[in-house]
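Number of protein chains: 2
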Amino acid sequence: MIDVLLIVIAICIIALGLAAVLTRNLLSQDEGTPKMREVADAIRVGAEAFIKRQYSTIAMLAIVSAVVIFAIYYLTGQQAIALATAAAFIVGAACSAVAGVVAMWIAVRTNIRTAAAAQTSDGKALDFSFRGGAISGLIITSMSLLGVSLTYIALGADPTHTPFVIIGFGFGASFVALFAQLGGGIYTKAADVGADLVGKVEAGIPEDDVRNPATIADLVGDNVGDCAGRGADLFESTAAENIGAMILGVALFPIFGVNGILFPIVMCSLGLLASMIGILSVRGKDGADPMDAMNRGYYITAIISAIFLAGGVYYLLGANPGWMYFVLAGLVGIALSVAFLRVTLYYTDHHYRPVQDIANASETGAGTNLIMGFSVGLETTAVPAILIGASLLISYWCGTMTGIPSGGLYGTAVATIGMLMVCAYVLTMDTFGPIADNAGGIVEMSQAPDEVRHRMDKLDAAGNTTKALTKGYAIGSASLAVFLLFNAYMADISKLLIEKGGAAFTTVNLASVPVFVGALLGAMLVFLFASLAIRAVSKTAQSVIDAVRIQFRDPAIMAGTKKPDYAAVIDITTQGALKNMVLPGALVILFPIIIGVTMKHEALAGFLMVATITGILLALILNNSGGAWDNAKKYIETGVHGGKKSEAHKAAVIGDTVGDPFKDTAGPSLHVLIKLLATLTLVLAPLFI
Amino acid sequence: MIDVLLIVIAICIIALGLAAVLTRNLLSQDEGTPKMREVADAIRVGAEAFIKRQYSTIAMLAIVSAVVIFAIYYLTGQQAIALATAAAFIVGAACSAVAGVVAMWIAVRTNIRTAAAAQTSDGKALDFSFRGGAISGLIITSMSLLGVSLTYIALGADPTHTPFVIIGFGFGASFVALFAQLGGGIYTKAADVGADLVGKVEAGIPEDDVRNPATIADLVGDNVGDCAGRGADLFESTAAENIGAMILGVALFPIFGVNGILFPIVMCSLGLLASMIGILSVRGKDGADPMDAMNRGYYITAIISAIFLAGGVYYLLGANPGWMYFVLAGLVGIALSVAFLRVTLYYTDHHYRPVQDIANASETGAGTNLIMGFSVGLETTAVPAILIGASLLISYWCGTMTGIPSGGLYGTAVATIGMLMVCAYVLTMDTFGPIADNAGGIVEMSQAPDEVRHRMDKLDAAGNTTKALTKGYAIGSASLAVFLLFNAYMADISKLLIEKGGAAFTTVNLASVPVFVGALLGAMLVFLFASLAIRAVSKTAQSVIDAVRIQFRDPAIMAGTKKPDYAAVIDITTQGALKNMVLPGALVILFPIIIGVTMKHEALAGFLMVATITGILLALILNNSGGAWDNAKKYIETGVHGGKKSEAHKAAVIGDTVGDPFKDTAGPSLHVLIKLLATLTLVLAPLFI
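Going down the list, the protein sequences come from chains A and B.
Per my numbering, residue 1 is the first one in the first sequence, and the count goes up by one each step.
Per my numbering, residue 690 is the first one in the second sequence, and the count goes up by one each step.
Please keep in mind that the hints were generated in silico from the structure rather than gathered at the bench.
Fair warning: there could be bad hints in the mix.
What the hints assert, rightly or not - With a straight-line Cα cutoff of 25 angstroms, these simulated SDA-like cross-link-like pairs (lysine to any residue) come out: (1) A:LYS539 with B:GLY1328; (2) A:LYS539 with B:LYS1289; (3) B:LYS1334 with A:GLN356; (4) A:LYS124 with A:GLU202; (5) B:LYS1289 with A:ALA390; (6) A:LYS634 with B:LYS1228; (7) B:LYS1228 with A:GLU647; (8) B:LYS1189 with B:LYS1334; (9) A:LYS35 with A:GLN447; (10) B:LYS1289 with B:PRO943; (11) A:LYS52 with A:GLN575; (12) A:LYS600 with B:ARG1042; (13) B:LYS1289 with A:GLU202; (14) A:LYS600 with B:ILE1378; (15) B:LYS1268 with A:GLN575; (16) B:LYS1184 with A:ALA20; (17) B:LYS1228 with A:VAL640; (18) A:LYS634 with A:ASP289; (19) B:LYS1189 with A:ASN509; (20) B:LYS1228 with A:ASP357; (21) A:LYS579 with B:LYS1334; (22) A:LYS562 with A:LEU578.
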């Protein structure tokens, strides 16, 4: 067993080594003009201050939760694993916090170097920002794999027992990710919406204009929301999905032995290796479309992952004559990851109908722009839902063709793992976006020459695309993963029921009244959570707007002769974000516990499954409509429909504003939510029987 | 048996008699000034032309569907009932069409008389418009009850067999209601949005200004969307719910005999009687708040219904010693109807926090208005979902306490019936709204004196409130009803399976992959349908806007010296609405058939249930956010936040525009959709085993 884990640990060490080399290389680069440094320093200080305050709050919440988990296990007859589960929770939470902090730390140091590089070369600017993303991607993915592996060893490495204890690690990671994504998401969009509405719409000054006191807060937001938040999100995705697959592997222990249990983490580590090759293949070229290089890297990663997948399945599960079907299931997962990227591109890129429809509709005003954008958002559920459904059915079928009992479910697990193999590369692209965005902001605010701005605009546009694409990937992988986590939940409940002399838990009968009611409440919780997340942005943005308006009354600020008070806006945004993240977070943790305790495990399963379905679809709606609104605005800015300053553009700016909390607060928080619900029910299972 | 049905028929005849008396009385009233008549005539002609073209299209679709139904039954070994089911479908469709036409016919005759009455008395104006609504309410409810009763008799009145054939009637009614609501909803909102965006926002002229060429189309829309569409919707609700309850009654035949099967329609007829008393108790009083009189009438109806419920249960089901528990279940339904009205009021009335929050957010522009409104919409799912869940659990518990096998489900059926008893009264309030709205438009367009306008404004405001409230009722009753229709579907499938020598269908296991995939696709279909419905409004509205802009270029029209070409806009709207209703309608009919045929009855059940849950919640979101945006705008118009013409008002107008297709097209169409899915799966059950 240790042999196999050694592969994982070795690959992680290589990845961390590569990250160290890249970091060293990056930090040795030029930091640009003094003006750039001034802006970048303000961003860094603001981001670090926010992260510090945010994680202090989260830490307190996590410690209370750990005590509660310990008490629950202790009082429900699970004394033997009470301490281990609570400890795993704390370790998971701590690792997730580190993941978020690392992502932010790298981002605030890469942005300035990217801006400096843009003074001379757009290829170099792409290299720097992409590698900054890669550092985060490699560190976060390795930490996730190392965290699971080492916790597994520390908890005794008992193949049929340890996976059920290690779920604490997954829940800890989800717990922190929820608050990190929610708080960061509220921060980034409240600042962005506030800055846009007062700056662009009311005062008529450009985005990132130095006179706007909310601009620095907006740039801080990219780092704390998109980088730190998403880092924590993808950290817990990898962790939770690996753990879920390990639990399913327990059912196959008699057939595959420990190999079936460790298969997920081994495959993910091979995927990490593939991602490293993909990352190193990306080279910026002056004058070229940055998306070309990144797309090529992605396809390289996917192809190498597919080869590693076949090898890994043969090595670990080859004892079964039907192992080729597992390879096929894994390929379904890899193919799904590509398909999701394509679909997301279609819905959020201005070369295709949806964004063009929204841009057209802007000609008749904000009303029709919004109606069309909302309609596009709702439409984007169709193809992804069919893709997810088809992947589940095909990979299930593959699994059954192996002839193994429970093989079908393991087939869906292998598909999930296949999709997750490219995770480190996707995370790289994801973090690249906000770094490029930030670098663009620094260039703009330091009033660099036009050619530098143009170089950054191109990179920024690519960053917007990658951000949209990786959200598509995140929701696609979450939807497969959660089906896996359901089954882990059912296995966990079955284990507890059988220990008490009962029968296994195999049916979630939606036709029974309590399960139907549970399902109804599950769907409702998702909408309510989105409501609170969006409202939090609205409330915080209103404080930002009020603060900016007061500063705008000073003619010296508007004339550009006096520096606005950026720190005041940063402070207001920080306070608002922290205050407003607690209620939605607490709601989604307490509500399922209440359902489970009062209505028991079957109704809770209905709750969980329908919450997940609704969560996936609502996240798609929010992410894609937000992305489409954003790009419709950018499309108009290229000169169509009257270009900048036209009525159509004003309408499109309002659409973009509405889309902001959709795509960067509520949508990504829903990704975390659906996985949090799954890990929460897993960990607290003893309460629900 | 015939004895019991005689009660139903007698009450229906009384109701139709009362409707005749009210109609005669109303038609003898004054028709106002020549200018008013001119406007009203244009509305009547436009509405009648649209309805004629719309129902021709629907008739063709219905005939094709009837042939398909016959073929399906004939080819799946159900020859004995093939013709009867297809015939029942046609009768149901025809009755629904008549219901829609009657509602429209009355509305276009009542609007002018209400406008005329407003010249002297607001009490009289309330009386007329409310009684116009009552005529529709009484006729539609009686037709539904008579239709089900007479079809039951015509099909042989075999208690354990006929309910399974009569489902064709329910499907026919749903089929027509879907297209009527969808087409009418697209028409009304395309005209409204178009008129508002060009008139209020661009040209800065008031609503219903005579110079705006889209105003008549807007007023036509109230009649074809709100009156005809909602009439067809509530007709099919009553029909489908009665049929669903009758099928559950079949399971109890050994205990209650035919009484258990006819119980639903008898109770609904008693509810109709209660509604008549409630309607007659409403008397307009000059200077009083019209809501007071209507609320009093509602409470009278509810209380009398509760008394009749107790009597009816005792008379029909009193053989069971636990009959009191059924009374309790019915009271839960009546209480739920009141609770839904209160919750809807809270979310859409400017006296409470949600609408005030939206009005506040308008101060910082359209962006924050929209974000807040959307957040409020999402929030409104919470309390209704908990209320529905609690009602299902309590009424199920009541049913089990009777000690009857399957008593729990029958308990939920009795709760549904309790909620439906007040249906005729609710329909009256519902139709009152658009009549008052129309009368207001006539007063405005005929340039009547200010005091007449003020009288109508008050009535119009009350109409907005009742429209929001009755939508709340419609979605609440639909959610209970659909749970009942599920169980009817399972009973129907079980009957077919048992006939073929199989076991009964009792479990919908959400943990199985096909059922989960079905559930995912069901939720997706709801979002996709809403997308298409909203887009249809957007597309049609853009044609309206283009047409109006061309006319506005004529300075004579803007100066008010030349009459705009109303008919041209009516024609464009009619074409757009008819063209755009076919795709979404066809989608929701064909998609579940494909799922059911390929993935069979259990996956289809998962599809149906989760589509219903999502549909209920999305309808709440769309209806309530739309209502809240509308009332936030109206609230600002009372003078707060800068009043009319302020920036906040402009922002609120955009919010209202976005809410229009939400609350009057997509939301109400979803009510129909979820019942259509249920009746469709019931009728086509032989395909899915």
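Hints and how they fare:
no.	hint	in the structure
1	A:LYS539 with B:GLY1328	holds, 23 angstroms
2	A:LYS539 with B:LYS1289	violated, 48 angstroms
3	B:LYS1334 with A:GLN356	violated, 32 angstroms
4	A:LYS124 with A:GLU202	violated, 37 angstroms
5	B:LYS1289 with A:ALA390	holds, 16 angstroms
6	A:LYS634 with B:LYS1228	holds, 22 angstroms
7	B:LYS1228 with A:GLU647	holds, 19 angstroms
8	B:LYS1189 with B:LYS1334	violated, 70 angstroms
9	A:LYS35 with A:GLN447	holds, 8 angstroms
10	B:LYS1289 with B:PRO943	violated, 30 angstroms
11	A:LYS52 with A:GLN575	holds, 13 angstroms
12	A:LYS600 with B:ARG1042	violated, 35 angstroms
13	B:LYS1289 with A:GLU202	violated, 57 angstroms
14	A:LYS600 with B:ILE1378	violated, 32 angstroms
15	B:LYS1268 with A:GLN575	violated, 51 angstroms
16	B:LYS1184 with A:ALA20	violated, 68 angstroms
17	B:LYS1228 with A:VAL640	holds, 20 angstroms
18	A:LYS634 with A:ASP289	holds, 17 angstroms
19	B:LYS1189 with A:ASN509	holds, 24 angstroms
20	B:LYS1228 with A:ASP357	holds, 10 angstroms
21	A:LYS579 with B:LYS1334	violated, 35 angstroms
22	A:LYS562 with A:LEU578	violated, 30 angstroms
In terms of the numbered hints stated before, the structure departs from hints 2, 3, 4, 8, 10, 12, 13, 14, 15, 16, 21 and 22, listed from lowest to highest.
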